[in-house]
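Student: These are the residues of each chain, in order.
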Amino acid sequence: MERRELLKTAALLCGSAATGVLLSTPSLAITNTFQQASANAGHSPNLLNTVQLETLRRICELTIPATDTPSAAQVNCHFFIDAQLSSVFDTQTQHAAVTLLDALDNHAVHQHKQGFSQLNETAQLALLTKLEAASAPFSVIQKDAFKVLKGLIVFGYYTSQPGATKELTYLAVPGRFVGSVKLSKIGSAYSSKAYY
Amino acid sequence: MKKQTYINESSEVYDAIVVGSGITGGWAAKELTEKGLKTLMVERGRVVEHQKDYITESKPPWEYPNRTKVPHNLVEEQYAIQRQCYAFHDGTKHFFGNDRDYPYATEEGTDFSWIRANQLGGKSLLWHRQSYRMSEFDFLANQRDGHGNDWPIRYKDLAPWYSYVEQFVGISGSKENLPQLPDSEMQPPFEMTAPERDFANKMKQVEPDKPVIISRCAHLTQPTKIQVELGRMQCMVRNECQKGCSFGAYFSTQSATLPAAARTGNLYIAPNSVVESLIFDEKTNRVKGVRVIDNDTLATREYFAKIVFLCASTLGTTQIMLNSTSKRYPNGIANSSGVLGRYLMDHNYNALVTASIEGYEDEYYIGRRPASLYVPNFHYEPGRYHKQFKRGYALAGTASRADWQSMGTGDGFGKDFKARLHNPGPWGIGLQAQGEMLPNPDNQVTLHNSKKDKWGMPQLNINCRWSDNENAMMESALEVSSSMMKKAGFTNIQQRILGQPPGLAIHEVGTARMGRDPKTSILNGYNQCHDVDNLFVTDGASFCSTGVGNPSLTFMAITARAVDYAVREVKAGRLG
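Protein chains in written order, with my numbering: chain S, 1 to 196; chain E, 1001 to 1576.
No wet-lab data here; the hints were simulated from the structure.
Please note that a few of the clues may not be correct.
[Unchecked claim] Coverage of chain E stretches by chain S, computed from C-beta distances (three or more under 8 Å per stretch; other residues unrestricted):
1) 1060–1071
2) 1191–1201
3) 1290–1296
4) 1366–1372
5) 1391–1404
6) 1463–1471
Values in this document were obtained by computation on a predicted structure and should not be read as measured data.
Cβ atoms here follow ideal geometry from the backbone N, Cα and C, with glycine treated the same way.
Please put together the full structure from these sequences, using the hints given.
Tutor: Right under this line is the structure:
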């Protein structure tokens, strides 16, 4: 467990009360943190359990880390994905995502005697890189399930307000179409789209 | 809209009733009211007020509970058909019909996706706004190759009416002087991007019969007095049109024809009024009005008028006509010919080719252009037909840079991954065919013999399929598009047949066709029923063939022309 990071997130999301709980009883605290955080974020985690959600939070963080703009985890992509999977996707896709997160954790325990979220960043990245390449111990089916999750991380991040407006360029009302302009004048890709 | 515009119960005999309020109904109402006829527009759905009811306009994705996606259960239960439309999402779903409430049947072994927009404004709120004239070749096609019946009108009959509606609507595009695609009255075209411009220039050299032009669309790029007076403004290139546009920058009933009709003082609207059938008077052999079922309460009422314009969409109009039976017309009103419901057509959009464009790394664009590239039909007359199929197709497509949406599942993690998505990705291009469908009597809609909807209307039973002609055309479109891309130097050329059923081009036409012969057609050359002279059909049902162009502009021109004729007949004492 990267306690400092979890602490930071918890503090950010829930204020000091939740942080206090977290310090006293870690396992219970994770549950409380997510419940309160999700209440704050307007989500009610209903598909993923706390371990799966924490695994996903780490994947979000490693996929789109904080730079001069927030990370995917900081904009709550993991909560978003939990909500989006529950609401927008069919049970087969939900099941594939849940199974994959469990598998990641199981492989971590098998290799390192620790759950995925307790591993250090290097070990976590090593597992994810193998998963993305469908190399042992991961299958192509697992890789495909991961790509769905990754697509959701990206979708969740760049449709979030910080991702859309700080990391990329969001043009609500462009005003006039210009067919040719130097990229350097815009500065980044657009997040705004006609259809998402 | 003033409150008194909306009516519910009325025993008044109006000068005219217009059934439907979409592109066609809006035009009929505008023309009739401007010519002094007291007109009742009958709309089956709810009122949608311009601006006020565009509830999702400008709403950014993060403000939607599912970032514009529609919950799975809701889609499965209520929008399984509508979701197939590219424009269906959480920000537009309130303008789509609910499949649970608007059921229809399809003949076993066939499939048809019927996209619905049952509210004031109809599909004018949802259309893709691409606007093309049909050409002299389109109006001659049936006669020349023997499929379908000869159109009773020619291009020259409609040309002045195209000009008339275009000046009001506002069409952007470029003058090209092409025989197969007559120029419209145009406002300045949208620009091409750098690789698009180079592609167009290259094709001029190597494929001179396949000019690549910018598409023509009903967006104001330089509003004229006519448009400004109605409160319309220049397009802001948001390309979020289907949420509604408070700028009135794209043509819709709400932005254009409805305010024009309302300011005459002659317009009345009966919303929430599902037309069950036409009231037919056996003695006079004329229609007297419409029987209506209330959309919400299911109560019945009647509205009366001297003439009736059916503009309820191709299939909506046909359903009403088939359900209007009498001793004289047991198989549907004005259907002595028996062709009512036959010759259903759509466009076939099934051939898609994509490719990568190398270079242009420093090139970008500003705005979400509501226009695309367009390659007009190059098989536009029998001497230019491909040996494997009749008629032809246009190509439409866009070159743009990849972004987080298309690159988001690429490999990698961390800062490098994030940096990669920070910049726009490589350029890519797609070209999709828009193919003509041959008129075929077997592509037919009938009333289902037992299934009804919640208003008690017999459901439409749709029996429609692509023919070998359309399938061969799509195969050819793949080859041609690929060849053009190859000649342009594009790489990674990928061909795909999409396998979509008819319906999804949302260009359904043909089921109450015009013609010179009352034995083989429903309408004469002025969209007037051969059998019932005060009944007009001016929506897509009246078409004899589809051509390759998007049909809405022709709905408008044909409607304005029909109204002009009808009012002249009324004033001459021959009608009403």
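Student: Next step is simple, just say for each hint if it's right about the structure.
Tutor: Comparing the hints with the structure gives:
1. 1060–1071: holds (count 10)
2. 1191–1201: This one holds; 6 residues, not fewer than the three required, reach chain S with a Cβ under 8 Å.
3. 1290–1296: violated (count 0)
4. 1366–1372: Satisfied; 4 residues make the cut.
5. 1391–1404: holds (count 3)
6. 1463–1471: Answer violated; 0 residues pass the 8 Å Cβ test.
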